[in-house]
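The sequence shown lines up with residues 1 to 61 when you count with our numbering.
Quick caveat, the hints were computed from the structure, so don't treat them as lab data. The beta-carbon is built from N, C-alpha and C at its ideal position, and this holds for glycine as well. Don't take every hint at face value.
[As the list claims (entries may be wrong)] In the DSSO-like style, the derived pairs of lysine-lysine whose C-alpha atoms are separated by at most 30 angstroms in a straight line are:
id, residue 1, residue 2
1, Lys33, Lys2
2, Lys2, Lys22
3, Lys33, Lys22
[Unchecked claim] Derived Cβ-Cβ restraints for the label pairs, each shown as a range:
id, residue 1, residue 2, range
4, Lys2, Asn38, 15 to 21 angstroms
5, Met1, Asp42, 27 to 33 angstroms
6, Lys2, Arg34, 15 to 21 angstroms
7, Asn7, Glu29, 15 to 21 angstroms
8, Ala50, Gln10, 31 to 37 angstroms
9, Gln10, Asp32, 18 to 24 angstroms
10, Arg34, Asp9, 17 to 23 angstroms
11, Ala25, Ala50, 15 to 21 angstroms
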Amino acid sequence: MKSCGINLDQGLITIRPSHHEKLEAWSGEGIDKRDYVNIPHDSEPSQIGAALRLAFSRCTG
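Use the sequences and the hints to build the structure in full.
Quick look at the structure:
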C-alpha cells in the first residue's frame, strides 16, 4: 500500500512519499528529501496528478 503526505507552504505543494512498514503503519524510513516532489500550487490539475503519481512511485515497502 502506498501513502503520501501533502503540504502547501508559500505557494509550493510538497508531496512526501512514505515507507510502508506494516498494516496501517508508514514512516519516512529510507525516504530522502530528494524523493519529495515539489510543484507550484497553481499548476494545472494534470500536472498535480502527475506529481502525485511520481511521488507514489517513490514510496517503498
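Hint by hint, which ones does the structure fall short of? 8, 11
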